[in-house]
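Q: Protein chains in written order, with the numbering used here: chain C, 1486 to 2065; chain L, 530 to 1010.
Simulated from the structure, these hints should not be mistaken for laboratory data. Where hints are given, some of them may not hold.
The following label-pair restraints were derived from C-beta to C-beta distances [said to hold, decoys possible]:
(1) L:Gln700 <-> C:Leu1610: 55 to 61 angstroms
(2) C:Ser1629 <-> L:Val928: 35 to 41 angstroms
(3) L:Gln568 <-> C:Arg1655: 42 to 48 angstroms
(4) C:Asp1606 <-> L:Lys715: 56 to 62 angstroms
Since the structure is predicted, the reported quantities are computational estimates derived from the model, not experimental observations. For each residue, glycine too, the CB sits at the ideal point set by N, CA and C.
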Amino acid sequence: MRIVRVEIQNFRGIGTLDWHPSPGMNCLIGPGDSTKTTILDAIELALNPRSNYLGDDTDFHNLNFDLPVRVTVTLVGIPAEFCVDTRYGLYLRGWDETAARLVDEPGDGLLEALSVRVEIDPSTLEGRWAIYNDRLAGDVDPPSLRYKDALQLATTRLGPYAERHLGWGRQSILNRIGEGGRMSEQLASASRAARAAFKTSNKDVFAIPTARAEKLGKHFSVRVREAFTAELDVQGSAITSGGVVLHDGDLPLRTLGTGSSRLIVSALQHNAGGSHIALVDEIEHGLEPHRIARLLKYLRNPPALEGDAATPGAAAPQTFLTTHSNVVIRELDARDIHAVRSHEGRTQVRSVEQTAETPEVAQRQLRASPEAFLAQRIVIGEGRTECGLLRGLDACWIAEGKDSFALRGVAAIDGGGVPNAVTLTQSLLDLGYECLALLDSDKPPSRDSVAKVEAIGGVVLEWGDDCSTEERIFRDVPWATVDALVGLAIQCNTEDSVRTTLRATCKARKIAEPADLPLPASFDTPQHRAALGFTAREKSWFKTIPRGERLAVLVYPCLEDISATPLAKHLSRLRAWVDG
Amino acid sequence: MADPPVDDLAARICAVQAGSIVAAAGCGKTEQIVNATVQSQGRRLILTHTHAGVDALRKRMREKGVSTSQYAIDTIAGWCLRYAAAYPLRSGLKVATPKGDQDWTAVYAGAIALLESGAVTQVLEASYCGVFVDEYQDCGGAQHQVIAALSEVLPVCVFGDPLQAIFDFGQTPVDWRSEVFSQFPKLSTLTKPWRWHRHGNADMANWLETVRPVLEAGQALDLAGRPACVTWEWLPDQDGPRQSKIISTCLKAMKGDGNLAVIADPANLNGRALIAKKLGRQGFSNIEPIECKTVYAAAKKLAATSGSKRLVALLTFLEQCMSGVAQGEFLKAVASRKAGGKLGRAKFGDLVELGLTIDQGAGDEVCLALIEGFAAQAKTFVFRREMLFSMRSALRMKVAGDAADLSDALWQVQTKIRHAGRQIPYYSVGSTLLVKGLEFANVVVIHSANMNNKDWYVALTRATHRLTILSPKSVIAPGFA
Chain C
1486 MRIVRVEIQN
1496 FRGIGTLDWH
1506 PSPGMNCLIG
1516 PGDSTKTTIL
1526 DAIELALNPR
1536 SNYLGDDTDF
1546 HNLNFDLPVR
1556 VTVTLVGIPA
1566 EFCVDTRYGL
1576 YLRGWDETAA
1586 RLVDEPGDGL
1596 LEALSVRVEI
1606 DPSTLEGRWA
1616 IYNDRLAGDV
1626 DPPSLRYKDA
1636 LQLATTRLGP
1646 YAERHLGWGR
1656 QSILNRIGEG
1666 GRMSEQLASA
1676 SRAARAAFKT
1686 SNKDVFAIPT
1696 ARAEKLGKHF
1706 SVRVREAFTA
1716 ELDVQGSAIT
1726 SGGVVLHDGD
1736 LPLRTLGTGS
1746 SRLIVSALQH
1756 NAGGSHIALV
1766 DEIEHGLEPH
1776 RIARLLKYLR
1786 NPPALEGDAA
1796 TPGAAAPQTF
1806 LTTHSNVVIR
1816 ELDARDIHAV
1826 RSHEGRTQVR
1836 SVEQTAETPE
1846 VAQRQLRASP
1856 EAFLAQRIVI
1866 GEGRTECGLL
1876 RGLDACWIAE
1886 GKDSFALRGV
1896 AAIDGGGVPN
1906 AVTLTQSLLD
1916 LGYECLALLD
1926 SDKPPSRDSV
1936 AKVEAIGGVV
1946 LEWGDDCSTE
1956 ERIFRDVPWA
1966 TVDALVGLAI
1976 QCNTEDSVRT
1986 TLRATCKARK
1996 IAEPADLPLP
2006 ASFDTPQHRA
2016 ALGFTAREKS
2026 WFKTIPRGER
2036 LAVLVYPCLE
2046 DISATPLAKH
2056 LSRLRAWVDG
Chain L
530 MADPPVDDLA
540 ARICAVQAGS
550 IVAAAGCGKT
560 EQIVNATVQS
570 QGRRLILTHT
580 HAGVDALRKR
590 MREKGVSTSQ
600 YAIDTIAGWC
610 LRYAAAYPLR
620 SGLKVATPKG
630 DQDWTAVYAG
640 AIALLESGAV
650 TQVLEASYCG
660 VFVDEYQDCG
670 GAQHQVIAAL
680 SEVLPVCVFG
690 DPLQAIFDFG
700 QTPVDWRSEV
710 FSQFPKLSTL
720 TKPWRWHRHG
730 NADMANWLET
740 VRPVLEAGQA
750 LDLAGRPACV
760 TWEWLPDQDG
770 PRQSKIISTC
780 LKAMKGDGNL
790 AVIADPANLN
800 GRALIAKKLG
810 RQGFSNIEPI
820 ECKTVYAAAK
830 KLAATSGSKR
840 LVALLTFLEQ
850 CMSGVAQGEF
860 LKAVASRKAG
870 GKLGRAKFGD
880 LVELGLTIDQ
890 GAGDEVCLAL
900 IEGFAAQAKT
910 FVFRREMLFS
920 MRSALRMKVA
930 GDAADLSDAL
940 WQVQTKIRHA
950 GRQIPYYSVG
960 STLLVKGLEF
970 ANVVVIHSAN
980 MNNKDWYVAL
990 TRATHRLTIL
1000 SPKSVIAPGF
1010 A
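With the hints as constraints, model all of the structure from the sequences given.
A: Next up, the structure:
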């Protein structure tokens, strides 16, 4: 059983949402307040009907009481007995898997689907669960979901803390495993045994009050049939299932770390049978990276236990999880990851895989810069040099007391060169991120692709003059900085190679070749600056992220002095965007 | 074989993918359906034609202690409507509450379209292990198509008797040889008349067993071999003697224990009503077709007239339902009252006052009062009870504001009757169409040229104890249908 469509209206942070989740893993990512957790809450609410459920005012989006809270969840792969005509067989709908489209009635080539809707009435705050389809729209008394059937739909939720599932209390997952029937018998006899043990124990401490009570009782002609004794009260000493918890030896399992108990509970939930839907909050909570990886693997493909009827090759359970961890993102496939965005109450969930050009591209992007997907805004450096430059600038700005990129919700990533950087920008924009791309101009991207990016709100910075980043820098910085840059190039490479390659460029360009480094001031000509920039780029003097960062450290101090240059202008535009 | 052959048949019925059982009257068809349902692995859908049939099947299931989780019983029409209305997109059905024949044709077409679309295949497979259809001879072509479409998805076994296929004018039954057997090959024929053996009437049982092949072959039936419990008497040709012979025979037949049905000319409702009228004093009453045209016509007239014309229409209707109305006399009494006189006061009492108010334009409430007043009179005998009841209920609904007009109220009343099941009068007059499927202790069959071999088979198989046949000759040569 799995969810194919979630529709939410007027629920907490969500004004409206209409989303078709993926069959297996649905990892929701997005900035804070993008209503990820609310989506989980809505699914949980819809699939776990309760009698006498009362919502509260804050369940209503923006406290709007003109509309009911309404969550509609459409399921496919429902149990066969749900299709019986006396249950929900006449209320089914059809799900077109290839077109991801819901048709109100089943039919050829469609999967049988059932929609469950919960509504919270604004006037009474009462939650009402019912079967929904368009044919029933306007029906004042739509067919309800039977309690027994609702149990089959029940989701499991792994919250931040999982202790309650490690005992047999109410709503514990342990109650869904094995035979619950004999438990009360066992508990009753334990209670009796406790009373019996107490009866034969040494009750000296109770002797004086007991004797006094008996004596005084007789004084007032209260008939004493045998004799007063102190015993355990039947009601007070009853042992309930909540009092039974899992132990490891003598140690209750709840004393395990948060991560370990969440791991055990998650495994139990998946083992409890049924084709259930799992909801996991902050999957990384309490877990080291290797345990996150293992838990994700387990969730995606829970191994069948011995004697378990689970058929091999059966569809993996559907899981909805939220995360803020790049470890999680790196472990997952592009198809598992969905970006959540909320804008003026309209929440949208977009699949990373489907938004990218091809699934492979999406996967590459995720692996390359998982952290970017957790940011709200992304600066895409065309290549490693630009990416390093951006990060270095971030450090410089922080040192100067400006807000860090992180504080501004911005991540700087490596775009992987042209044209990748542009397509990446495009798909990130499609996913709902705000993007700025910092591009070279020596191999300019197609005007078309830039125009497309700009059309959907992306910002593209190009150096102009057919300059690469290195050429732009060597052109625009003061001569002292040029000196320092050459010094950096020597540090990153060797003096010999820097000199040789630079001389080769000069020779080819028929300009004076420097005899030695550092360059004398007489070489401060546009031609030599160009030659320096060209060689730096051609010979990859700074083409790693750390080198790029160091580049920034050298360039940053002089920016104020060269504020009229394209370099400084572009970088101040960048800063303005970050602060915007 | 260890198993008795009957149980073996139930097992075969359970296992068959598509089959039919031909069952002569009283030969344990319902029993077979119940037994096969008990042996079914899963829930069995059992379809029949009338609500009475549904009730009878349910009753038998309860008596046998069959769990309700083992079966679902419905009318073919009701089932089709439920499914077709649930999926209007696939069925193309537009009406939710079908009224006339046209609507029902659309319901069947919708059900067929739905079944053929495959939209409910999973629902059907989840809901039922198979289908039994009772009284298959009553199926029309559209219903047969529905069942054929169902059998594409589920195992289907149909039960019926082509020799009991009796239809109203204008309906076409499904043809067994060309349509039913080709779709549902014959599994077995039930020929042992258990019903009469159960009643301790082996003579009748044995005789009926010999009657069947004769009528089935369309041959003339010689009553010479009849047992003692079957009486034949000569029926005169001329109207007068004929009528008095009928009446005297009925009066004689009444003396037997148990209820009595008179089976008369299927094509002549008024002729049958006349018999009931003559015997009204003895408590005879007509079995009405549920969609009785007479009452609709009367309702239309009542709705379209007012004042004195309305009074006449109402009295005419009352005369159709009961004896002792004396329309002419009553109208004179009303006229006299209008002029301040007291004519007819003694005979009609307060009814005259009611008549006068209707004459002066009073509405439905007073009409209802007048009907009830006449029905309560000691000297009136109602012989078309169902018709009177329908009109009275319809007027009541109209007065209470539960219906838009009288025809609509009548439709609602008749729908209710169809669901609740009708009460068959203890002494009743009907046609083979109206008594098929029913049984009576005593039956009088009155020969009519309008009865074919099937009519005769149905007529002869209605009595459990005593059967009286009135015919011009002791050899009956009905038309072959």
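Q: Now tell me, hint by hint, if it's right for this structure.
A: Now for the hints, and whether the structure bears them out:
| no. | hint | result |
| --- | --- | --- |
| 1 | L:Gln700 <-> C:Leu1610: 55 to 61 angstroms | holds, 57 angstroms |
| 2 | C:Ser1629 <-> L:Val928: 35 to 41 angstroms | holds, 37 angstroms |
| 3 | L:Gln568 <-> C:Arg1655: 42 to 48 angstroms | holds, 44 angstroms |
| 4 | C:Asp1606 <-> L:Lys715: 56 to 62 angstroms | holds, 59 angstroms |
Of the numbered hints listed earlier, not one is contradicted by the structure.
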